[in-house]
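Chemist: Below are the chains, spelled out letter by letter.
2 protein chains.
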Amino acid sequence: MAGGIGSRFWPVSTTQFPKQFHDMLGTGQTLLQKTFSRLNKIVPEQNMQILTNERYLDICLSQVPEITESQVVLEPAMRNTAPCILLAALKIHKENPNGVMIVAPSDHWIEDEGAFQNDLEACFNACTEQDILVTLGIHPTFPNTGYGYIESDKQDDALLKKVLQFREKPNYATAKQFIAEGNFFWNAGIFIWSVNSIIKAFKEMMPAMYHLFSEGITSLNTQKEKAFIDISYPNAENISIDFAIMEKAENVLVKKATFDWNDLGTWGALHDKITDNSTENAVVRAIPHLRDAKGNMVYTSSEKLVVVDGLDDYIIVDKENVLLIFPKKKEQDIKQLLGEVKETFGEDYT
Amino acid sequence: MAGGIGSRFWPVSTTQFPKQFHDMLGTGQTLLQKTFSRLNKIVPEQNMQILTNERYLDICLSQVPEITESQVVLEPAMRNTAPCILLAALKIHKENPNGVMIVAPSDHWIEDEGAFQNDLEACFNACTEQDILVTLGIHPTFPNTGYGYIESDKQDDALLKKVLQFREKPNYATAKQFIAEGNFFWNAGIFIWSVNSIIKAFKEMMPAMYHLFSEGITSLNTQKEKAFIDISYPNAENISIDFAIMEKAENVLVKKATFDWNDLGTWGALHDKITDNSTENAVVRAIPHLRDAKGNMVYTSSEKLVVVDGLDDYIIVDKENVLLIFPKKKEQDIKQLLGEVKETFGEDYT
Chain A
14 MAGGIGSRFW
24 PVSTTQFPKQ
34 FHDMLGTGQT
44 LLQKTFSRLN
54 KIVPEQNMQI
64 LTNERYLDIC
74 LSQVPEITES
84 QVVLEPAMRN
94 TAPCILLAAL
104 KIHKENPNGV
114 MIVAPSDHWI
124 EDEGAFQNDL
134 EACFNACTEQ
144 DILVTLGIHP
154 TFPNTGYGYI
164 ESDKQDDALL
174 KKVLQFREKP
184 NYATAKQFIA
194 EGNFFWNAGI
204 FIWSVNSIIK
214 AFKEMMPAMY
224 HLFSEGITSL
234 NTQKEKAFID
244 ISYPNAENIS
254 IDFAIMEKAE
264 NVLVKKATFD
274 WNDLGTWGAL
284 HDKITDNSTE
294 NAVVRAIPHL
304 RDAKGNMVYT
314 SSEKLVVVDG
324 LDDYIIVDKE
334 NVLLIFPKKK
344 EQDIKQLLGE
354 VKETFGEDYT
Chain B
14 MAGGIGSRFW
24 PVSTTQFPKQ
34 FHDMLGTGQT
44 LLQKTFSRLN
54 KIVPEQNMQI
64 LTNERYLDIC
74 LSQVPEITES
84 QVVLEPAMRN
94 TAPCILLAAL
104 KIHKENPNGV
114 MIVAPSDHWI
124 EDEGAFQNDL
134 EACFNACTEQ
144 DILVTLGIHP
154 TFPNTGYGYI
164 ESDKQDDALL
174 KKVLQFREKP
184 NYATAKQFIA
194 EGNFFWNAGI
204 FIWSVNSIIK
214 AFKEMMPAMY
224 HLFSEGITSL
234 NTQKEKAFID
244 ISYPNAENIS
254 IDFAIMEKAE
264 NVLVKKATFD
274 WNDLGTWGAL
284 HDKITDNSTE
294 NAVVRAIPHL
304 RDAKGNMVYT
314 SSEKLVVVDG
324 LDDYIIVDKE
334 NVLLIFPKKK
344 EQDIKQLLGE
354 VKETFGEDYT
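If you read the protein sequences in the order shown, they are chains A and B. The C-terminal position of the first sequence is numbered 363 in this note's numbering, with every residue numbered one higher than the one before it. The C-terminal position of the second sequence is numbered 363 in this note's numbering, with every residue numbered one higher than the one before it.
Chain A extracted, bound-state conformation (with noise of 0.2 Å):
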């Protein structure tokens, strides 16, 4: 899935041009090419989709050579997660009805590649043998309130655990309070199933939305696919999986993840995730020279010289056009900021 537009990651992630298409960390690989290979090590390049909005075909085109324009499945409009999980399932199943399959955002941070495999495996063969949905459930280690969490069956002892319930963005003492509990997991939006499972859920949960796609099957992995699409895609209903499916189903398990994690959801994420020291200075591409300066968050798009003196905890953007100088903590503001910008100056710097 790569469709999103990572307001939060204004200044660097644009409508045209979104976080998972930039080396949010400076690696030399953006995030959908890090996601692709990351994929690519347990699913052959020819089975693999990139759903996005079409104004992104070019890019993912570019960025994974690997790929042919077949396997680029464009959202005429955005329509959260459940619509493009379906007609990716149902495209799937019409070539494969006994696929499994794993849905993965493509602008996420998994630090070891071998656990993530080995995990997938397990969830894999589970999904083959069974008809369970089954979500990937990072260990939190501190208390998120960012985060949505998993509440698994304590009592279960399997390596694919009952889910009691998903829960929302807790605020600071329930969140400690999953953490004390031992079996909350962060909810990574990592999901394993056959495409037969997903397919009934959607069929008995979400029948409206289901019926609009199965529609067009025969159009489906055919030139007549792309009509299809932009015909029914607008009518489906804006809804996240979470809440479409996993949120109902009975069926769903979770997989304690054996690797670290994190979504990159703001530009502190994406500090967290450079240094595990708040105090310390976060730098992606820039040179840094910093005096008296604690816990910044500093991203530059070139290599360019930073000298900041006395400045604590501030986000530091720097990009061609906009420079962005902010309170970390505020960074849940950004989104706004994004708007008001967009209203004053037009869309040059959205």
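Please keep in mind that the hints were generated in silico from the structure rather than gathered at the bench. A couple of the hints might just be wrong.
No copy labels: a pair is met if it fits in one copy or bridges any two.
Once the Cα atoms are required to be at most 20 Å apart in a straight line, the calculated SDA-like pairs of lysine to any residue come out as [to be verified]: (1) 237 to 83; (2) 342 to 305; (3) 317 to 352; (4) 261 to 145; (5) 307 to 350; (6) 286 to 122; (7) 239 to 36.
Fit chain B to the known structure of chain A by using the hints.
Modeler: Positioned in the frame of chain A, the structure of chain B alone reads:
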């Protein structure tokens, strides 16, 4: 005079491209161009000389196409103001023994060019008739501790008043006292005199320098001039015209300037030039979106959007390969910072 390197304006001002060659105020003209056109209202372009370091010849010729290469006097070494002024005076004298001249820095700001022209004409007239060394004194509007002061004779009620003494940069209490006295002026480093008077003064007070350059009289204004300067100039004493002549001479008069002036000596001075209100933000070239931000000096080398939240009294400078975020109150440390940067990262940024 356009030979300085303006190190307090780093990172905009660099050895390769100093302050006077930048459009520091975003007016569409560089400070050198502004200075040239201001002087050109009273001095014909063929009578103009630019005294600068040899590395800036091409910049001078491209920024001031009105002059020819022979009008750019190239200093092979940095020797402060006295040597280049004597050299210029000798060159003019050889062409016109009765000439009067003005010496002016190329990196200051003068608001009212008409008033400047009137003051200058009065000084030229006086210098044509009398053996005097005239300096323009700026009416001090506040007890600035960063400028030198000129003390004039309280008893003298002529337009050009006798100077009692030059006073180095005072402390705050002394500066306040100067202002209260009423007969003190800021020293703007703008001088007017006949070539005869200044040459006579050098002959008396700086005999070594006078003889050093007098030996080359036959070479001046000829093709041999450059060779002579290249050999003799490095042997000249490294001394300012203030120390060498003005503080010792008995025939110094001051003309109170009727124009507003700013030496643009620091980022803070540039801030003060742009806005009288110290709590306002001063912005050059940038497109600002500033919230909860006061008293900042924002300068960008391109028209880029600058978003700042929660920052007061900072210097924010952005150019292609350097970003500086520095407290305004530490602006005097920028010269030292420049040294650190040069030592750590080499010449690329300085």
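Chemist: With reference to the structure, classify each hint as holding or not holding.
Modeler: Hints, one by one, checked against the model:
1. 237 to 83: Result: close within a single copy only, 12 Å intra versus 75 Å inter.
2. 342 to 305: So residue 342 and residue 305 pass the 20 Å test inside a copy (19 Å) and across (14 Å) alike.
3. 317 to 352: Classified as between; 18 Å across copies, 28 Å inside a copy.
4. 261 to 145: within (13 Å within a copy, 96 Å between copies)
5. 307 to 350: For residue 307 and residue 350, only the inter-copy Cα distance (19 Å) is at most 20 Å; the intra-copy one is 24 Å.
6. 286 to 122: This pair counts as within: shortest intra-copy Cα distance 8 Å, inter-copy 48 Å.
7. 239 to 36: neither (30 Å within a copy, 53 Å between copies)
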